[in-house]
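Residue numbers (full-length UniProt numbering), protein chains in the order written: chain A, 1 to 555; chain B, 1 to 555.
No lab work stands behind these hints, which were simulated from the structure alone.
Note that this is a predicted model, so its numbers are computed, not measured.
Every residue, glycine too, gets a C-beta built ideally from N, C-alpha and C.
Mixed in with the good hints, there may be bad ones.
Ranges of calculated distance between the beta carbons of each label pair, as one might list FRET restraints [to be verified]:
id	chain 1	residue 1	chain 2	residue 2	range
1	B	Gly389	A	Ser204	50 to 58 Å
2	A	Asn237	B	Gly389	46 to 54 Å
3	A	Glu532	B	Gly389	28 to 36 Å
4	B	Lys536	A	Glu532	15 to 23 Å
The calculated lysine-lysine pairs, modelled on DSSO-like cross-linking and capped at a C-alpha distance of 30 Å, are [unchecked claim]:
id	chain 1	residue 1	chain 2	residue 2
5	B	Lys285	A	Lys536
6	A	Lys546	B	Lys393
7	A	Lys429	B	Lys444
8	B	Lys393	A	Lys400
9	A	Lys444	B	Lys429
10	A	Lys429	B	Lys536
Number of protein chains: 2
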Amino acid sequence: VCSQAQVLYDFAAEPGNNELTVREGETITITNKGIGGGWIEAQNSRGEVGLVPEDYIEVSQKALIMKRASNGNDPWSAWNADPSGGTSNNWASNPEGTQTGKSAADPWGNVSQGHPQAYQGPAAEDDEWDDEWDDMKSNAVYTESGEAGGIQRGGMHASSMKISLNKFPGFSKSGPELYLLCKQIAKGKDKLSIYVGEVGPVWSYPETQIDCIVADPKKGSKMYGLKSYIEYQITPNTTNRPVNHRYKHFDWLYERLLDKFGSAIPIPSLPDKQVTGRFEEEFIKMRMERLQGWMSRMCRHPVISGSDVFQLFLTYKDEKDWKTGKRKAEKDETVGVMIFTTIEPEAADLDPSEVEQKCEQFSKFTKAMDDSVKEILTVGNEHWKRCTGPLPKEYQRIGKALQNLSTVFTSSGYQGESTLTDALTAAGKTYEEIAQLVAEQPRKDLHFLMETNNEYKGLLGCFPDTIGVHKAAIDKVKEGDKLVAANKITTPDKVAMSKRLSTMSYTLQAEMNHFHSNRIYDYNRVMQQYLEEQVKFYETIAAKLKQAHGQFTTM
Amino acid sequence: VCSQAQVLYDFAAEPGNNELTVREGETITITNKGIGGGWIEAQNSRGEVGLVPEDYIEVSQKALIMKRASNGNDPWSAWNADPSGGTSNNWASNPEGTQTGKSAADPWGNVSQGHPQAYQGPAAEDDEWDDEWDDMKSNAVYTESGEAGGIQRGGMHASSMKISLNKFPGFSKSGPELYLLCKQIAKGKDKLSIYVGEVGPVWSYPETQIDCIVADPKKGSKMYGLKSYIEYQITPNTTNRPVNHRYKHFDWLYERLLDKFGSAIPIPSLPDKQVTGRFEEEFIKMRMERLQGWMSRMCRHPVISGSDVFQLFLTYKDEKDWKTGKRKAEKDETVGVMIFTTIEPEAADLDPSEVEQKCEQFSKFTKAMDDSVKEILTVGNEHWKRCTGPLPKEYQRIGKALQNLSTVFTSSGYQGESTLTDALTAAGKTYEEIAQLVAEQPRKDLHFLMETNNEYKGLLGCFPDTIGVHKAAIDKVKEGDKLVAANKITTPDKVAMSKRLSTMSYTLQAEMNHFHSNRIYDYNRVMQQYLEEQVKFYETIAAKLKQAHGQFTTM
Chain A
1 VCSQAQVLYD FAAEPGNNEL TVREGETITI TNKGIGGGWI EAQNSRGEVG LVPEDYIEVS
61 QKALIMKRAS NGNDPWSAWN ADPSGGTSNN WASNPEGTQT GKSAADPWGN VSQGHPQAYQ
121 GPAAEDDEWD DEWDDMKSNA VYTESGEAGG IQRGGMHASS MKISLNKFPG FSKSGPELYL
181 LCKQIAKGKD KLSIYVGEVG PVWSYPETQI DCIVADPKKG SKMYGLKSYI EYQITPNTTN
241 RPVNHRYKHF DWLYERLLDK FGSAIPIPSL PDKQVTGRFE EEFIKMRMER LQGWMSRMCR
301 HPVISGSDVF QLFLTYKDEK DWKTGKRKAE KDETVGVMIF TTIEPEAADL DPSEVEQKCE
361 QFSKFTKAMD DSVKEILTVG NEHWKRCTGP LPKEYQRIGK ALQNLSTVFT SSGYQGESTL
421 TDALTAAGKT YEEIAQLVAE QPRKDLHFLM ETNNEYKGLL GCFPDTIGVH KAAIDKVKEG
481 DKLVAANKIT TPDKVAMSKR LSTMSYTLQA EMNHFHSNRI YDYNRVMQQY LEEQVKFYET
541 IAAKLKQAHG QFTTM
Chain B
1 VCSQAQVLYD FAAEPGNNEL TVREGETITI TNKGIGGGWI EAQNSRGEVG LVPEDYIEVS
61 QKALIMKRAS NGNDPWSAWN ADPSGGTSNN WASNPEGTQT GKSAADPWGN VSQGHPQAYQ
121 GPAAEDDEWD DEWDDMKSNA VYTESGEAGG IQRGGMHASS MKISLNKFPG FSKSGPELYL
181 LCKQIAKGKD KLSIYVGEVG PVWSYPETQI DCIVADPKKG SKMYGLKSYI EYQITPNTTN
241 RPVNHRYKHF DWLYERLLDK FGSAIPIPSL PDKQVTGRFE EEFIKMRMER LQGWMSRMCR
301 HPVISGSDVF QLFLTYKDEK DWKTGKRKAE KDETVGVMIF TTIEPEAADL DPSEVEQKCE
361 QFSKFTKAMD DSVKEILTVG NEHWKRCTGP LPKEYQRIGK ALQNLSTVFT SSGYQGESTL
421 TDALTAAGKT YEEIAQLVAE QPRKDLHFLM ETNNEYKGLL GCFPDTIGVH KAAIDKVKEG
481 DKLVAANKIT TPDKVAMSKR LSTMSYTLQA EMNHFHSNRI YDYNRVMQQY LEEQVKFYET
541 IAAKLKQAHG QFTTM
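Bound-form chain A, shown alone (with noise of 0.2 Å):
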């Protein structure tokens, strides 16, 4: 009973991709539900059967609750928060574990009717590995992350961060006392210096800010073109001059700021790589999006964007620089807490029960919003399915109606009524634009609003572990008399941890206020921008209907 749905577009099937011409008006037996990224797997009268999209099908009553229910294939499902797992988690129990990635589902792919089969064309590339890291990628990977309870599996991506923090010494395992008990090393080259400005803490800032260009996706192809991959353009403005690189060079670079800053400084993981698309342009145009985001979120921190590591990627010459500068990158032992050796604050030490009060404040402030920006998600998430889905039908409905009412006037046989009728159409097509208008609204607006919340739900997904190396060390500092008396310490020991203890807190303080003045700029400018867009879309709707007012007429 609840198989039947009703065709409300015309739908031209794609040549070999398993897809169903529909007409509209057509009645069509659904076969399968599940198939997912806002297809479904339909039957018509003549025994055909193929994928239709979801959006262009009305299902009936019953299966339409079933569906609602079953609550299949939100836009911006993985945006939500999952209580199952996930990022929420990593709060309560695991604050010194893993981080975890996020693995977002393209919006695109269900806004625009993503095709379940198309992103394994685009996703096939994130498979091959060039020579060289195809050994850095075992399947062992999988394996060694398995004891997390957080990570969501299937998201490669989280499973290469696990490795990382796994890998670099004195973390997790070991903890910070690797960094709180160590020889100071001090290259003066690298150091990394912390001013006290009107804020507090703050971080040593370049003059100009870097910044780049993510554009101009191309298709490579080797092996004779057997295999295919796209490569991104990058421009930075420091030399105008653009670099190639592929999404397995940023997520090499995304390994090596993680292996070297993860522990002082939150580094937002990359877009996911299972994004999809209806088509492979929107899926590329959707990754170079977020590659975007991510890169220009890597400048405008003056830590990251002054490291070489990033520089290299940014501004090396040829292929020869790069291999160099990447093998170099490899060897860099500063990793993990020892990344505080390189940090210089230019204030007095703290102590360590103020440290231990900020890091309290950041914790609970980062929980908060945390919470804030996943209820964001999640009403927008809700708020961009009704704007795309029962909305907009909505409106063509009325469109309809109003329609059909000017087709029935004009057979009445009456004279004189062409005014009223022609009004009548005219208001019915406006409720048709006002049904499009209302459907096409979320990528104008929300779009941005939900980017920039994810962006900053990755961001925050970071921190429990950024304040977990602290927590760690602040209860290391505080066992520092027991240590002594045990004599597995000396007194200068506990001293010297006291003070880098303070240099770590420094460094937490520079890295929040660095995360507050650039949230506060974010929210600025995507609440302008959005509600820029509502307005217009408002005064549109308002336009529109004053004109259809406009051919109404009583004597």
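Fit chain B to the supplied structure of chain A, relying on the hints for placement.
Below, chain B alone, put in the same frame as chain A:
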């Protein structure tokens, strides 16, 4: 599992109404969903049980789905086509049968939390009849109407209408031959002229259009205050002298008009008695609005507005005048098909084939318009539900999410972000305001579009009867030669029958042209009103968002 619900807004129980006071955020258990009228029975955590407005709570997902599936308590449900009976059947299987009264549930009832018990107050008024009419309304009314298939039970009004139709001679059972074969009674004074105008046959319209204002409802009482009733003040523009009438007087007028003109002129039902309202004032306001609509439509009809009975209703001088006129009207014998004896078309007789063709055309048109009007009611009903239900809730949630984010940001401890947090709060509040605008808008525009279409649905529901009389007359005239051959009628009788059929056709055509010109005026007017309010609505939202936008700043 499915009986838990969240309270969305505070609700204070009225004493003695079985209501339950609940607070926003409270969780309640639904103990009876089948109450109807926009109410559910629920139990709070203290074990207290009582009625709560459906709109004030959010039931769990599962319960919500069940509610949707059962489509319970639509605000406009009675305006939808009812496949199991009601007007729709009239067209197909019961063309000569009874008129079907609409039994529209009061939209205010659901919109403003109609109380299932509140309406018993006002409804009780209708059960009272002045002594002189009491005997006319026996319980037999209900049993007599028992055989009518399409009649909606429970609608007392439909029953009394049925009676009226069965009561007048020549209709339904005996058909139009009573007129076709009668001796023409020609009282010069009562003659109704039909002219041929630009658009075809038209009624003779009075020079000044009669109209009246229904206003100032007052509570009266009798039997030493034991029984109370509402009296409306009706002021016609002709005398400018107000007269008072109770609902039952309107009902008496309706029955007289139906008796006298029902075969020739569709007489729309009175607004239903069984409207419900949360408060008596709302109920009275709604009924008055609909009585006004009904009276205005009657005033606009040249034949009805000029009739003695209608003039009596509008302009009676005193109690004695009223009673005399009333008795006279009840004794009027020119009722049913005999109304055609008073009609004088000033044009050449029509050929029976032309009569048949016109009849077919009108039948088709009114059926098509009936379908179209019902489509608009269905779509409007859906839209009403969305605009007063999920949509404002969503805007409210967007508003709350933005305000929550503002609260979190305020807790950051970071200096100088009050501009952002103030702007976020303002934007959040703006979306809460939009939520309210959205929820209130249907009352400002959709309401009138629905009321007009509902009125037309009622009017169109009368056409099958009117057209049915004509079809029966056409069939009778077709039998003319056979009846002559069988010596049942004479040849002059046959000629007279054909002439009288022509008169009936002129009447139908004049009536259709009256209908068309009113329809064109009404739809122009209501669409103008609707679109004007829609424009205001979208402009208001745009202006509010523009203001919210202005508060954000990117330095």
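Hints the structure violates: just list their numbers, smallest first. 5
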